[in-house]
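Place chain D on chain L using the hints.
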Amino acid sequence: DAGVIQSPRHEVTEMGQEVTLRCKPISGHNSLFWYRQTMMRGLELLIYFNNNVPIDDSGMPEDRFSAKMPNASFSTLKIQPSEPRDSAVYFCASSISGRASYEQYFGPGTRLTVT
Amino acid sequence: KQEVTQIPAALSVPEGENLVLNCSFTDSAIYNLQWFRQDPGKGLTSLLLIQSSQREQTSGRLNASLDKSSGRSTLYIAASQPGDSATYLCASNAGGTSYGKLTFGQGTILTVHP
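Sequence lines, in order, name chains L and D.
If you're matching positions, the first sequence starts at 4 in the numbering used here and goes up one per residue.
If you're matching positions, the second sequence starts at 804 in the numbering used here and goes up one per residue.
Calculated directly from the structure, the hints in this document are not laboratory data.
Treat the hints with caution; some may be incorrect.
Partner residues are not named here, just some residues of chain D that face chain L (Cβ under 10 Å, in silico) [as the list claims (entries may be wrong)]:
# : residue
1 : Ser831
2 : Asn835
3 : Gln837
4 : Lys845
5 : Gly846
6 : Gly874
7 : Ser888
8 : Leu892
9 : Lys904
Glycine is no exception: its CB is placed at the ideal position from the N, C-alpha and C atoms.
Isolated chain L (complex conformation):
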């Protein structure tokens, strides 16, 4: 099993540019979660999907952030336009909902720097 795959691993961009982060969940998992980690705020849940449908996006900070899951094996998190305060590590996680544990498995993260 390849685990949760995220790309790119590092992204450096200038303020105002569009940024797209990608995630491939573990095959067979039907729930997908996007988190953001900063020193100040720790790990925050941004949005999550179940069976490709967004369930709760209340953690998305602003309209500049959007996420999609067009199929069971791919999700994107887009920031447009990006700002320096968006600099953080973004994690994707997946799980099997309906199973006993709902245990989440995390990807390696994308470190985003906006200058």
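For chain D alone, coordinates are given in the frame of chain L:
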């Protein structure tokens, strides 16, 4: 809204000591609780998951306990080693009604020195 707190924020111990990390949560209606380890610049590795019906889980030198009624969990590390140095995070899982949404504590930074 669930809030998760971890104490202490940082801990430094000599190699070989047994230690306890604490996690508390405000809403006892959790489905389960997970403990994670995060090495600097890396992702999260799941260490232990305790279901709400369980009292404890063990894996090697790690033992996690759960007291739902008091809103507390502890992670016990026996005979600590320098390789245990990392940030330890606990997270409450909301389970079926929220598809397993996790709420994280701020973490405990553990340093084990030789």
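Here is what the structure says about each hint:
1. Ser831: violated, 17 Å
2. Asn835: Holds - the Cβ of asparagine 835 of chain D comes within 10 Å of chain L, reaching about 6 Å at its closest.
3. Gln837: holds, 7 Å
4. Lys845: holds, 7 Å
5. Gly846: holds, 4 Å
6. Gly874: Hint violated; glycine 874 of chain D Cβ to chain L Cβ min 19 Å, cut 10 Å.
7. Ser888: Given a least distance of 18 Å, the restraint on serine 888 of chain D is violated.
8. Leu892: holds, 7 Å
9. Lys904: holds, 6 Å
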